[in-house]
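> Okay, so the sequence shown: first residue is 46 according to the working numbering, each after it adds one.
If you are wondering where the hints come from, they were derived from the structure by calculation, not from laboratory data. For each residue, glycine too, the CB sits at the ideal point set by N, CA and C. A few of these clues could be false.
Unchecked claim - Between beta-carbon pairs, the in silico distance windows are:
1. 105 with 289: 31 to 41 Å
2. 111 with 203: 27 to 37 Å
3. 102 with 206: 40 to 50 Å
4. 180 with 96: 48 to 58 Å
5. 115 with 220: 50 to 60 Å
6. 121 with 207: 42 to 52 Å
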Amino acid sequence: MAENLISDRESLIKRAAILRITTKSLASAMQNGAFRSLYRGQGIEFSGVREYLRGDDVRTIDWNVTARSGKPFVKIFDEERELQIFLIVDRSLSMQEGTKSKSRLESATEIAALLALSSERNANPIGAVLFSKEIEFAIQPKNSSDQTMLLLSRLDEAPKRQKGTALAAALKGAGKLLKKRSMIFILSDFRASGWEDELAQIAARHDVVAVRITDSMDSSLPEIGSIVVRDSESGTRRIFPTMSKTFRGQWREDAAMRTKRWTDTVLRRGGIPLSISTSEDPLNSLMNFFTQREAT
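Let's have the full structure, built from the sequences with the hints guiding it.
Have a look at this one:
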């Protein structure tokens, strides 16, 4: 398990050098074709072959030409457009909570930092929208280290503590902000309503990965007696009888149903669903995601 990137609250800017080393493998996965699978058939054309050079990805070897010539050749492609990465980061009250040592927002911030620095390494323009009850920050994609540092500094700022979430508005705003087709990552717990149609509209023009940040208690309750739980958004208080086997079983069933409903909703609206728990190593989770996407 990788060290929590922001657990000591040290500035992301100060940790940028270490983070860049951490993201080397993730950037390599992107560069070697993990993103290409998501864009298969969309603006990438085979343009020829060239002799294999040390360090080339062996997956690009053209085996037919290699067999005829007696020495290895690799396929080369022409990119019809520049790959842009765009992050939509939820910083609402529910994201600021967590039952373990890390909140949902801390996980989302780690994931955003990994994606931003990997994009910089690959010279991919990076942009973002950060929101809570309202839009806090928005910037169009740009390829520069200054852009990355600006984004990390804004991610590192303390979020506002206001009830409500502007998820739908953030999706709508991103659609207006982006002029070129982009890969969009939505980092949220999706504890909101009215975002589904906006997701469908933005997914019609872009490749959208909906990353649902979860906590262990979302699916499983510890046996610690009766506990009072308050919903951070609505303020509603409920008593959970966690010693009851029936209640814990129902909680697990409801969680599974909620997850399935969310997954089905994202797929129907044209997005790619991905769930990452606060207990997971975000680097490993992203690497596994891109590896699986490349294989499909």
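> Report the numbers of all earlier hints that the structure fails to satisfy, in ascending order.
Hints 1, 2 contradicted; others consistent.
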